[in-house]
Amino acid sequence: MIYFDHAATTPVRPEVLEAMLPYFTEKFGNPSSVYKLAQANKKAIDDARATVAKILGAQPNEIYFTSGGTEADNWALKGMAEALRKQGNHLITTKIEHHAVLHTCEDLEKHGFEVTYLDVDENGLVTPEQVEKAIKKETILISIMYANNEIGTIMPIAEIGKIARKHGVIFHTDAVQAVGQLRIDVNRDQIDLLSLSGHKFYGPKGVGALYVRRGLPLPSLLHGGGQERRRRAGTENVPGIVGMAKALELAYQDLEAKTAKIQALRDYMIEGIYQRIPHCRLNGHRTLRLPNNVNFSFAFVEGESLLLLLDMEGIAASSGSACTSGSLDPSHVLLAIGLPHELAHGSLRLTLGEDNTREEVDLLLEKLPLFVQRMREMSPLYEDYLKQNSSAELQK
Amino acid sequence: MIYFDHAATTPVRPEVLEAMLPYFTEKFGNPSSVYKLAQANKKAIDDARATVAKILGAQPNEIYFTSGGTEADNWALKGMAEALRKQGNHLITTKIEHHAVLHTCEDLEKHGFEVTYLDVDENGLVTPEQVEKAIKKETILISIMYANNEIGTIMPIAEIGKIARKHGVIFHTDAVQAVGQLRIDVNRDQIDLLSLSGHKFYGPKGVGALYVRRGLPLPSLLHGGGQERRRRAGTENVPGIVGMAKALELAYQDLEAKTAKIQALRDYMIEGIYQRIPHCRLNGHRTLRLPNNVNFSFAFVEGESLLLLLDMEGIAASSGSACTSGSLDPSHVLLAIGLPHELAHGSLRLTLGEDNTREEVDLLLEKLPLFVQRMREMSPLYEDYLKQNSSAELQK
Amino acid sequence: MYSEKVINCFMNPQNVGEIPDADGVGTVGNPRCGDIMKIYLKIKDNIIEDAKFKTFGCGAAVATSTMLTQMIKGKTIDEAMKITNQDVAKALDGLPPIKMHCSLLAEEGLKAALWDYAQKNQLTIEGLEPPESSEDEEHAHSEAAE
Amino acid sequence: MYSEKVINCFMNPQNVGEIPDADGVGTVGNPRCGDIMKIYLKIKDNIIEDAKFKTFGCGAAVATSTMLTQMIKGKTIDEAMKITNQDVAKALDGLPPIKMHCSLLAEEGLKAALWDYAQKNQLTIEGLEPPESSEDEEHAHSEAAE
Ligand SMILES: Cc1ncc(COP(=O)(O)O)c(C=O)c1O
Ligand SMILES: Cc1ncc(COP(=O)(O)O)c(C=O)c1O
Chain E
1 MIYFDHAATT PVRPEVLEAM LPYFTEKFGN PSSVYKLAQA NKKAIDDARA TVAKILGAQP
61 NEIYFTSGGT EADNWALKGM AEALRKQGNH LITTKIEHHA VLHTCEDLEK HGFEVTYLDV
121 DENGLVTPEQ VEKAIKKETI LISIMYANNE IGTIMPIAEI GKIARKHGVI FHTDAVQAVG
181 QLRIDVNRDQ IDLLSLSGHK FYGPKGVGAL YVRRGLPLPS LLHGGGQERR RRAGTENVPG
241 IVGMAKALEL AYQDLEAKTA KIQALRDYMI EGIYQRIPHC RLNGHRTLRL PNNVNFSFAF
301 VEGESLLLLL DMEGIAASSG SACTSGSLDP SHVLLAIGLP HELAHGSLRL TLGEDNTREE
361 VDLLLEKLPL FVQRMREMSP LYEDYLKQNS SAELQK
Chain Z
397 MIYFDHAATT PVRPEVLEAM LPYFTEKFGN PSSVYKLAQA NKKAIDDARA TVAKILGAQP
457 NEIYFTSGGT EADNWALKGM AEALRKQGNH LITTKIEHHA VLHTCEDLEK HGFEVTYLDV
517 DENGLVTPEQ VEKAIKKETI LISIMYANNE IGTIMPIAEI GKIARKHGVI FHTDAVQAVG
577 QLRIDVNRDQ IDLLSLSGHK FYGPKGVGAL YVRRGLPLPS LLHGGGQERR RRAGTENVPG
637 IVGMAKALEL AYQDLEAKTA KIQALRDYMI EGIYQRIPHC RLNGHRTLRL PNNVNFSFAF
697 VEGESLLLLL DMEGIAASSG SACTSGSLDP SHVLLAIGLP HELAHGSLRL TLGEDNTREE
757 VDLLLEKLPL FVQRMREMSP LYEDYLKQNS SAELQK
Chain F
793 MYSEKVINCF MNPQNVGEIP DADGVGTVGN PRCGDIMKIY LKIKDNIIED AKFKTFGCGA
853 AVATSTMLTQ MIKGKTIDEA MKITNQDVAK ALDGLPPIKM HCSLLAEEGL KAALWDYAQK
913 NQLTIEGLEP PESSEDEEHA HSEAAE
Chain P
939 MYSEKVINCF MNPQNVGEIP DADGVGTVGN PRCGDIMKIY LKIKDNIIED AKFKTFGCGA
999 AVATSTMLTQ MIKGKTIDEA MKITNQDVAK ALDGLPPIKM HCSLLAEEGL KAALWDYAQK
1059 NQLTIEGLEP PESSEDEEHA HSEAAE
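Note that the protein sequences, when read in sequence, are chains E, Z, F and P. Take the first sequence: its letters are residues 1 to 396, numbered as in the working numbering. Take the second sequence: its letters are residues 397 to 792, numbered as in the working numbering. Take the third sequence: its letters are residues 793 to 938, numbered as in the working numbering. Take the fourth sequence: its letters are residues 939 to 1084, numbered as in the working numbering.
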């Protein structure tokens, strides 16, 4: 199989699994217990916390483990909204956030909060000026993703952080797609809260983390036992936490070398598609882009049918966000960057990983043009287009 | 090591880990994706859902996977409270619920809900009559645990379910300790919502489930992608879900035989302690009791010091709930059944598992009396007691 | 997600193309919604002698187009009129709930083509109603919610 | 959770017991809170010649009792008065935050015993204040929150 869907999820690395395994069986104790078996697990969690903290430039006691990116996003937004309600009821985000942020914002709107959803340009960018303009005295939280999961555009996070700090507004970033690919420093970027998710960087599913700047009055989202310094209840997912930390550590070993390789492959794929397939466009910013992200729209073709054809060749890809495939609506991200509906429906996302090879990309570049052509020949929209063009020719 | 803390957590069974392993590596796809790799995972989740449903007597589409028992409890309570707020603002629970329920109730109180915390008798029981009396027209939810995690008392759930149904009030039960030990049927017991947690029955940590009776208007707690039929967002913890279902299946194979064995060991331990140690009492109901639970209070002795001494002998046990060890207050459960503070501080919980042997219990019965005596000799309370008694003797 | 039949009908679509001298042509769907289906019919003596389609859409849309055109070929108009979207979905061994609208599209496409035929030949076909204009049709998307 | 030193002091407690003819005895803590410490002192020429304890409490309570009694033996009253709970905790290679109150208890226990000694001998010890009655003391439990 050729796997080009690393933005949806990644396999757990063998080293990561190996680090996790003892915590399922011999080292299975509940970290809250007093005896040695359990205390060793408490230490494993503390070590994992230190690892995560170090990579983000944070302190260990600013890291809270969660069940994933979704919980981290929900917690950051709902928690800060609840904590700061007395100060104001206004939040700022963008139109291209992940649903974990957008649907949470919609839920907050139902509870009396007002949310500004900033437009993005044709490349998926917001400008720091837009953010600054949107701030008003009721603004309590800015939540803007580090990098977009569909089109890979990287936001000007440090500049936004600066503006947030200047205006005394708390700044959350959903860094689920950025962590493991970009070097992040919560102090450099002046980030107050940051979400990440283990399975996006060769760690396990079902575990994530929220960075919470020291001193923030974030209340619990999940109430119960005293775990995570009384802020996130629930028996700790020890193997998951250990695995995520291990995966993060591996991801940032030789990051630059790995990134350079993946990015070269990405650019090779982009060029190859442009050369071989007419009527297509690259979605997302050409350079302010995650090293592993390729996203194209092909006119006259619907995306899912391409996915099926690719799947038959053993190539796994995605059309828009994997997490939204329960819906028929075209991706909100692609609409927000100005694509007409039919082009948004015709999008294909290919996200690379450390193990992808040039040969695999070559196979894609061989097959994809055939599949696009095949679907176009079946498409009444392409038929119309050809007729219009030939009648235009005739009229010349 | 002798592990007597199965109520805190259990090791993952080898068969369970084996079932999970492929989903970390080869079968790692995101179940929301279209291609085969991912669709196989979707099927694995569906199969797991069917397994869990069958064991609870529920339908598969009534089962929602969560990150554990805590999330399930939070979701059930906050979700139903939000959904039914227009109908009323009153909830009924007991004083001996797990903190995942109690602290969630306290959070609801901050948000305008009123909660009745029912007293329990000296054995930890509420009566159906108490529940019925507490119902008023504003009552929207009853949440009463199936069995208590500290003292093992099993509540009259079917009778409470009947009363809840009769009055048209939704009934949630935290069955985290009961699942895997007792046969549960949500229809027989007229349960509307039920929480469970994988790591309590030899499944993995960080995964649980909430049973939600079909038709209940439970809104999401975690917003985001369309997973779990749009009710619980977040990329599914596929290995965790598969492992939990496998563990549940194994738990209910030959349940009665296993239970009989564990229960015999429990009774042997209880008798042994009674015979060997003066000034002690069994906490919890003598017969309406989880088959694996032993909980004693030893006068004049503090519980944690016993845990440390046992730990030095390689015996793992707990003093009160493992999840509350972040706190110094004596267990709310032991106070609720009427223990004075000093006895509550002197409690020891020993919870058995499938693999415990009579030899292990014999070792405990050999060591524990020595340890209790050792701590008593160090205790100023015991000194006072002896002085009072000897002066009482003298006065005779 | 898809049955083998759906995948088969998608991978080996039948009846793709146009009928230049079609007796009835119907277009339904809307690019906004991600699927458009165009059905061509050749009708003689009340019998559908040939049927072809062009479809812009997902795997299910292509598969239902194939299945529908297969099912109606050789049938009388009355017989074809009795084919419902459920029949098409059933013939495909079922469709995921979220994709049932594709089978509806197929049924509507057939009816639009028959309507076109009836209009051209000034006939009335029992039970046949004028299709809604596909351009402003905003067919409600049934989300995957239960 | 506990340092090796704490565990050692708990497993091999020193100075457990009573001093029948003690010159000063102090009891602090409260069974409600889960720990009671009773300190016995034998004092001669301003020097603590012997110290013993009885403690009802957790591992940290026993360990701090051991450590405190070890630390004060042979010291003058003034020297002993300078020992703070931080010193005791430090000598144990630290205590978990949630257990710091045990070291406070040890300090208070010592002071209560010295107060008793001062009262009995009508002395004033500089810096020594009367202990609060341990019975109605509800010493605030510092929870593990940051
Ligand atoms: C940008 C972004 N945020 C949040 C999430 C949610 O993470 P998870 O599904 O692990 O909860 C995802 C991925 O699914 C994502 O790509
Ligand atoms: C009765 C009860 N409810 C809820 C929980 C919480 O489950 P978890 O820690 O898996 O979230 C536990 C155990 O910790 C429990 O014993």
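Hints are not guaranteed to be accurate.
[Unchecked claim] The calculated EDC-like cross-link candidates involving lysine to aspartate or glutamate, where the alpha carbons are at most 16 Å apart (straight line), are: (1) F:Lys844 <-> E:Glu366; (2) E:Lys258 <-> E:Asp355; (3) F:Lys844 <-> E:Glu377; (4) F:Lys836 <-> F:Glu899; (5) F:Lys865 <-> F:Asp815; (6) P:Lys990 <-> Z:Glu709; (7) P:Lys1011 <-> P:Glu956; (8) Z:Lys783 <-> P:Glu956; (9) Z:Lys657 <-> Z:Glu750; (10) F:Lys834 <-> F:Asp908; (11) E:Lys367 <-> E:Glu313; (12) Z:Lys783 <-> Z:Glu756; (13) E:Lys387 <-> F:Asp879; (14) E:Lys42 <-> E:Glu15; (15) E:Lys166 <-> E:Glu129; (16) P:Lys1028 <-> P:Asp1016; (17) Z:Lys506 <-> E:Glu82; (18) P:Lys980 <-> P:Asp961; (19) P:Lys980 <-> P:Glu942; (20) F:Lys912 <-> F:Glu796; (21) E:Lys43 <-> P:Glu942; (22) E:Lys36 <-> P:Glu942; (23) P:Lys982 <-> P:Glu1017; (24) Z:Lys558 <-> Z:Glu528; (25) Z:Lys432 <-> F:Glu796; (26) Z:Lys657 <-> Z:Glu756; (27) P:Lys990 <-> Z:Glu756; (28) F:Lys797 <-> F:Asp813; (29) Z:Lys432 <-> E:Glu313; (30) F:Lys844 <-> F:Asp813; (31) Z:Lys439 <-> F:Glu796; (32) F:Lys834 <-> F:Asp813; (33) F:Lys912 <-> F:Asp813; (34) E:Lys110 <-> Z:Asp443; (35) F:Lys865 <-> F:Asp885; (36) E:Lys36 <-> Z:Glu709.
Source of the hints: derived by calculation from the structure; they are not laboratory data.
Worksheet item: Under the criterion that the straight-line Cα-Cα distance not exceed 16 Å, is the pair Lys36 (chain E), Glu942 (chain P) satisfied?
Response: 12 Å, holds
Discussion item. Would the hint linking Lys980 (chain P) and Asp961 (chain P) be met if the CA-CA limit is 16 Å?
Written reply: At roughly 5 Å apart (the allowed maximum being 16 Å), Asp961 (chain P) and Lys980 (chain P) satisfy the hint.
Worksheet item: Given the hinted pair Lys783 (chain Z) and Glu756 (chain Z), is their alpha-carbon gap at most 16 Å?
Response: Cα-Cα ~36 Å, so violated.
Worksheet entry | 16 Å Cα cutoff - pair Lys834 (chain F), Asp813 (chain F) | 8 Å, holds
Item to complete: For the pair we were handed, Lys990 (chain P) and Glu709 (chain Z), check the Cα-Cα distance against 16 Å.
Response: Given pair Lys990 (chain P), Glu709 (chain Z) is violated - Cα atoms ~27 Å apart, limit 16 Å.
Worksheet entry | Agreement of Lys439 (chain Z) and Glu796 (chain F) with the hint, judged by alpha carbon distance not exceeding 16 Å | 15 Å, holds
Worksheet item: Has the given pair, Lys36 (chain E) with Glu709 (chain Z), been kept, meaning a C-alpha gap of at most 16 Å?
Response: With Cα atoms ~11 Å apart, Lys36 (chain E) and Glu709 (chain Z) stay inside 16 Å; holds.
Worksheet item: Hey, Lys42 (chain E) versus Glu15 (chain E), does the alpha-carbon distance stay inside 16 Å?
Response: Since the Cα atoms of Lys42 (chain E) and Glu15 (chain E) sit roughly 21 Å apart, the hinted pair is violated (cutoff 16 Å).
Item to complete: Measure nothing beyond the straight line between the CA atoms of Lys1011 (chain P) and Glu956 (chain P); if it is 16 Å or shorter, mark the hint as holding.
Response: Given that 16 Å is the threshold and the Cα spacing comes to 15 Å, the pair holds.
Discussion item. What's the verdict on Lys432 (chain Z) and Glu313 (chain E), does the C-alpha distance respect the 16 Å limit or exceed it?
Written reply: Satisfied, since the Cα-Cα distance of roughly 11 Å is no more than 16 Å.
Practice prompt. Measure nothing beyond the straight line between the CA atoms of Lys982 (chain P) and Glu1017 (chain P); if it is 16 Å or shorter, mark the hint as holding.
Written response: 14 Å, holds
Discussion item. With the threshold set at 16 Å, check whether the alpha-carbon distance from Lys797 (chain F) to Asp813 (chain F) stays at or below it.
Written reply: Cα-Cα ~31 Å, so violated.
Hints 1, 4, 6, 12, 13, 14, 16, 19, 20, 27, 28, 34 and 35 from the list above are not met by this structure, while the remaining hints are.
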